[in-house]
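Visitor: Listed below, chain by chain, are the residues.
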Amino acid sequence: MVLRDFVDDFLMMPMHDVYLQSAEQHFGRANSHCTGVMFLRPTLTALALIEATIEELVKCMATSACTDQEALNAVLLAQEFNVGRLDPADYPGGAQYFGVEPTYSDPLFYNESARAQCNSPPILVHNNWLVGRANKIVRFRLHGLWSISGEKPERPWRHTTEVSSVFREVW
Amino acid sequence: MAFALDLEALDVAQSTDVEVRTELLSASLSRESNYGSASFQPVVMQKLRALQLLLREGRTIFFLDTVLNVHVHVHVHVS
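Going down the list, the protein sequences come from chains A and B.
Going by our numbering, the first sequence opens with residue 1, and the numbers climb by one from there.
Going by our numbering, the second sequence opens with residue 1, and the numbers climb by one from there.
Check each hint, because a few of them may be wrong.
Derived lysine to aspartate or glutamate pairs resembling EDC-like cross-links, with alpha carbons at most 16 Å apart [said to hold, decoys possible]:
| hint | chain 1 | residue 1 | chain 2 | residue 2 |
| --- | --- | --- | --- | --- |
| 1 | B | 47 | B | 6 |
| 2 | B | 47 | A | 70 |
| 3 | A | 136 | A | 106 |
| 4 | B | 47 | A | 55 |
| 5 | B | 47 | B | 23 |
| 6 | B | 47 | B | 32 |
| 7 | B | 47 | A | 51 |
| 8 | A | 136 | B | 65 |
| 9 | B | 47 | B | 65 |
| 10 | A | 59 | A | 70 |
| 11 | A | 136 | A | 101 |
To be clear, the hints were calculated from the coordinates, so they are not data collected in a lab.
From a predicted model like this one, the values you see are computed outputs, not experimental measurements.
Work out the full structure, taking the sequences as your base and the hints as a guide.
Guide: Written as structure tokens, this is what we have:
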């Protein structure tokens, strides 16, 4: 969910051909990047990165269920592309905004100390580190980030009876 | 801008005011949506093809695996 203007933010960032979201659980320097949030300038460097990622994905698809993210990170590691990192405080993934739950299947899991390291509100929240469409809807709704049906986007953390009603509605 | 990857997505995209492109439309693309599964690979390959097309056209890309809150205004700069 986008909560603030990312274009204005992008225009104020130092010039990089490519900016990527961190795929780390922490807020420090990213060694692994996420292909779920990418800002790309139309340069030969950005094009070369995407084309090398396509080649890498074609290659690894032949032998495994690899992802575009794994392919991109393999290219970044091998070719030492210089990419910018979107600040996790403003562009958190699910690990940073909701916390890390080891089974990736509990939409109720929430770690307040992780959230405290994010800006309020962040520029966007990526609802990853959780498997399943229904789980993602539940988690976004519980945190006031599901406004497609016309609900107000800003809502406090809900109590147990509200959690139950959200589950009944989604499943 | 939206690249419709199948007919159902095309219907949805055309019901919005977003520019819709159909170069990557396929009748046989997997319906899988779980990241990391083998049958999701063709879907993410199409995503990379879309990025490649847009970069070749000289467009700046903001790719988001998430949606825009209708209450947020995003400034688009055209030069």
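Visitor: Now, for every hint given, state plainly whether the structure supports it.
Guide: Hint check results:
| no. | hint | verdict |
| --- | --- | --- |
| 1 | B:47 with B:6 | 13 Å, holds |
| 2 | B:47 with A:70 | 14 Å, holds |
| 3 | A:136 with A:106 | 9 Å, holds |
| 4 | B:47 with A:55 | 14 Å, holds |
| 5 | B:47 with B:23 | 12 Å, holds |
| 6 | B:47 with B:32 | 14 Å, holds |
| 7 | B:47 with A:51 | 12 Å, holds |
| 8 | A:136 with B:65 | 12 Å, holds |
| 9 | B:47 with B:65 | 11 Å, holds |
| 10 | A:59 with A:70 | 12 Å, holds |
| 11 | A:136 with A:101 | 13 Å, holds |
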